[in-house]
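Novice: Under our numbering, the first residue of the sequence shown is numbered 1, with each subsequent residue one higher.
Think of the hints as simulated: they come from the structure by calculation, not from any bench.
Treat each hint with caution, since some may be false.
In silico lysine-lysine, DSS-like type, Cα no more than 27 Å apart, as pairs [stated by the list, open to error]:
1) K73 with K39
2) K73 with K16
3) K135 with K73
4) K16 with K39
5) K41 with K16
6) K73 with K41
7) K139 with K73
8) K39 with K75
9) K76 with K39
10) K75 with K16
11) K155 with K139
12) K155 with K141
13) K41 with K135
14) K139 with K41
15) K155 with K135
16) K135 with K39
17) K76 with K41
18) K139 with K39
19) K16 with K76
20) K41 with K75
Ranges of calculated distance between the beta carbons of each label pair, as one might list FRET restraints [unchecked claim]:
21) F167 with T38: 31 to 37 Å
22) F178 with S150: 17 to 23 Å
23) V105 with I138: 41 to 47 Å
24) I165 with A99: 31 to 37 Å
Where a beta carbon is used, it is the ideal one built from N, C-alpha and C, also for glycine.
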Amino acid sequence: MKKNVNLWSLFLIFFKIGFFTFGGGYAMIPIFQREISTKRKWISPDEIIDLFTIAQSIPGAIAVNTSILIGYKLKKNIGAFVTTMGIVLPSYITITVIAYFFDSVEKNIYVQTALRGINAAVVALIVVACISAYKSGIKDKLGIILLAVSVITVKFLGLNPIYVILFGILLGIFIYFFFNSKMREKFDDKKVSDKEEHNE
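Go ahead and model the full structure; you've got the sequences and the hints to work with.
Specialist: What follows is the structure in structure tokens.
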């Protein structure tokens, strides 16, 4: 799916995402999909979800981790560097400006009203991201069962989400090697397809 990727365009895309997206990594998923998959068709929507899943399974900010993975997939090390700079710089600039004017804007009624509107928009983006992740990640009854168990254990039993993620990783590896030959075939076909696209 990947086509010619210009590094400057890549930087500008991630700079725009970092500058105009509030709410952290989860709210960025639909923006990533629209900019990278829908508009430019560099990476498929399912691959965006896969990279996001990996990003939230490792230490660090989800948005930064996702940007590194996308950049690396598109342009290897230089791509990872460019996307990281693009996603981080807006936050650095914004925080620097806010810190300078913090005392004068902290209790400003206009700022507080704007933040309420931003919060509502962030919730909408996260809902869209959840729907997209559900469509891409839940393919069978086992996925639905695991989703329900994860929600119950995290929300109602208070289990640390990292344990749920680790359990999902181990279960996926177990199923891959011992039960699901179709999953292995699909994964191997995907690796071959990705290799062919990279060679092109």
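Novice: Run through the hints listed earlier and report the numbers of any the structure violates, in increasing order.
Specialist: Violated hints: none; all satisfied.
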